[in-house]
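Q: Protein chains in written order, with the UniProt record's numbering: chain W, 1 to 333; chain L, 1 to 333.
Keep in mind that the hints were calculated from the coordinates and are not lab data. Keep in mind that this is a model prediction, so the values were computed, not measured. Check the hints yourself; a few may be wrong.
To be verified - The calculated DSSO-like cross-link candidates involving lysine-lysine, where the alpha carbons are at most 30 Å apart (straight line), are: (1) L:188 <-> W:119; (2) L:94 <-> L:24; (3) L:268 <-> L:79; (4) W:277 <-> L:268; (5) W:73 <-> L:201; (6) L:282 <-> L:220; (7) L:201 <-> W:151.
Residues per chain, in single letters:
Number of protein chains: 2
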Amino acid sequence: MRTIAIDAMGGDNAPEAIVEAVLKAKDEMPETKFLLFGDKEQLRNLIPADRINDQLGVVATTEVIADEDEPVKAIRRKKDSSMVVAANFVKEGKADALLSLGNTGALLACGIFIIGRIKGITRPGLMPTLPVQNSDDGFNMVDVGANAKSKPEYLLQWAEMASYYAEKIRGIQTPRIMLLNNGSESDKGDEVHQAAYELLKDSNLNFQGNIEGNELLLGKADVVVTDGFTGNAVLKNIEGTSSVILHLLKDSLLNGGVMTKLGALMVKGSLSSLKSKFDTAKYGGAVLLGVNAPVVKTHGRSNERPIYFTLKQVDKMIKENLVQDFKDEFATK
Amino acid sequence: MRTIAIDAMGGDNAPEAIVEAVLKAKDEMPETKFLLFGDKEQLRNLIPADRINDQLGVVATTEVIADEDEPVKAIRRKKDSSMVVAANFVKEGKADALLSLGNTGALLACGIFIIGRIKGITRPGLMPTLPVQNSDDGFNMVDVGANAKSKPEYLLQWAEMASYYAEKIRGIQTPRIMLLNNGSESDKGDEVHQAAYELLKDSNLNFQGNIEGNELLLGKADVVVTDGFTGNAVLKNIEGTSSVILHLLKDSLLNGGVMTKLGALMVKGSLSSLKSKFDTAKYGGAVLLGVNAPVVKTHGRSNERPIYFTLKQVDKMIKENLVQDFKDEFATK
Chain W
1 MRTIAIDAMG
11 GDNAPEAIVE
21 AVLKAKDEMP
31 ETKFLLFGDK
41 EQLRNLIPAD
51 RINDQLGVVA
61 TTEVIADEDE
71 PVKAIRRKKD
81 SSMVVAANFV
91 KEGKADALLS
101 LGNTGALLAC
111 GIFIIGRIKG
121 ITRPGLMPTL
131 PVQNSDDGFN
141 MVDVGANAKS
151 KPEYLLQWAE
161 MASYYAEKIR
171 GIQTPRIMLL
181 NNGSESDKGD
191 EVHQAAYELL
201 KDSNLNFQGN
211 IEGNELLLGK
221 ADVVVTDGFT
231 GNAVLKNIEG
241 TSSVILHLLK
251 DSLLNGGVMT
261 KLGALMVKGS
271 LSSLKSKFDT
281 AKYGGAVLLG
291 VNAPVVKTHG
301 RSNERPIYFT
311 LKQVDKMIKE
321 NLVQDFKDEF
331 ATK
Chain L
1 MRTIAIDAMG
11 GDNAPEAIVE
21 AVLKAKDEMP
31 ETKFLLFGDK
41 EQLRNLIPAD
51 RINDQLGVVA
61 TTEVIADEDE
71 PVKAIRRKKD
81 SSMVVAANFV
91 KEGKADALLS
101 LGNTGALLAC
111 GIFIIGRIKG
121 ITRPGLMPTL
131 PVQNSDDGFN
141 MVDVGANAKS
151 KPEYLLQWAE
161 MASYYAEKIR
171 GIQTPRIMLL
181 NNGSESDKGD
191 EVHQAAYELL
201 KDSNLNFQGN
211 IEGNELLLGK
221 ADVVVTDGFT
231 GNAVLKNIEG
241 TSSVILHLLK
251 DSLLNGGVMT
261 KLGALMVKGS
271 LSSLKSKFDT
281 AKYGGAVLLG
291 VNAPVVKTHG
301 RSNERPIYFT
311 LKQVDKMIKE
321 NLVQDFKDEF
331 ATK
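Starting from the given sequences, assemble the full structure and let the hints guide the process.
A: Structural data, given as structure tokens:
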């Protein structure tokens, strides 16, 4: 049986939304066990007694890592936090994967320091799946902030792992890999990006050259590789820019005259379909590539739906032996 | 009399839109002379003979730098291009400022190699004004790509110049300066951003700490300082993300049923006001800070309106002696 360790106390809607998602996923995934880590009383109150069985367990923990906690300190000091205990279960082989909605930095630290790097991988990279305008496929971007400083060799390894992930988990044949850069020509960017370009060009990947910041959502690439600093700024900027525009849109419709308000009602359906295009729930969470087990972060603001899709994503990663394949691949390099 | 040298051959709508903007601005700016550089015949055909006078001149040039030209090579080889001849007029004191819609890299090269750096400035930085959601003030972001590699000292100088620009040209008292980084704490980012944080903190600027990619359009900062590589990716990403969303919005309204189409007509006004919020025309062009004269780039896709606002912006920069102030300030440092 596959076992997913779930930090039930992280995120804005914890533990309610997490329990809700698990209860929904449980019946659809009979070969998977869900272990919820968190406050025993809260969790027991949320889970009907008859739903607790071989497939659903609760591990009582007494501490919670807060969003404002300093990550490395937090995982050292809060030994009985839901996140750290869950990570230790994975480390000890009592669970196969770790899922959390909590403090991103602390989860990265759990992945890197508790669960550990895959031998041969220099730096793990954080990889979400993001939407594109012309299809439901989306694209992967890596690294989006696990590393403040990135070297060309890291970018190559992230591209290799992300390409394999896109093929195996998302079902994309020979994924198109592109490098986020400040121009289309091969000599663009600083030394890191120029050297990364050469490494990617000489690799076995389906490398399609540079991509610029304005092209990310156009569907030109299945995987975009970037240094963690730029990736973090750009990821947050996609979120910020789309949220500001949708907010202004809502405002301008609600604050218009009677005619506008009536019109707004009539276009409501179309606007929701637009919003759902940028609702990344169906893509699941961001994967920390390069550690000894699937470690996945779902957005802290998530409600039940994205958590449910993340559970399916994590389950598929365990089922497809993704991490074992990475171990085999990078140990021999 | 103030004289603006205008590359009339760059951009998608050249020279028509440029001539149109100049003819509009001319009557409103009686103390300013407009020198148009480009194909004599084309320009003469567009300008009514009775409009050519002391305030409006044409300088005939025979070459044009294309968007795909390699910048440094282009300015060396195309000596009689509209952009290079205009830059030489500024260098020789026959004009006070340079405006172009053409090849950005070539314009940066004209600024740096022909017009020249201000003594004491290590690297010029490119600075647009961008919109924010809650006011018409916008914010300045620097550098957005003049430099692929940036050092902490560059960021401090850009912040100093941008702060002065925001105060003098945009009329903002003690502008709030923030550093684009991957977290809010002072120790976030790589060495460059950590060191830049310290320099900004110890400066005389009204430094408000770090800003993240999702907060840029919220109006928290009047000036955002960033390394040129990240700034380029983020600027292009703002353009790309907003354009994709507005495109999807239009699509979903046009492809809806009869009800949606009717509703779309009724909300049309509100949607245009949303679009005009992200129409940066009124902010003018991007300024190359740190060279011996105002050098301003307007978007290549611009029509008459943004060019008109850029002419006003450039005129104000000359009138306010911005560059002379920079020279005085940085020569003594």
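Q: If a hint holds in the structure, say so; if it does not, say that too.
A: Hint check results:
{"no.": "1", "hint": "L:188 <-> W:119", "result": "28 Å, holds"}
{"no.": "2", "hint": "L:94 <-> L:24", "result": "23 Å, holds"}
{"no.": "3", "hint": "L:268 <-> L:79", "result": "48 Å, violated"}
{"no.": "4", "hint": "W:277 <-> L:268", "result": "22 Å, holds"}
{"no.": "5", "hint": "W:73 <-> L:201", "result": "26 Å, holds"}
{"no.": "6", "hint": "L:282 <-> L:220", "result": "20 Å, holds"}
{"no.": "7", "hint": "L:201 <-> W:151", "result": "28 Å, holds"}
Hint compliance for this structure: hint 3 is the single one not met.
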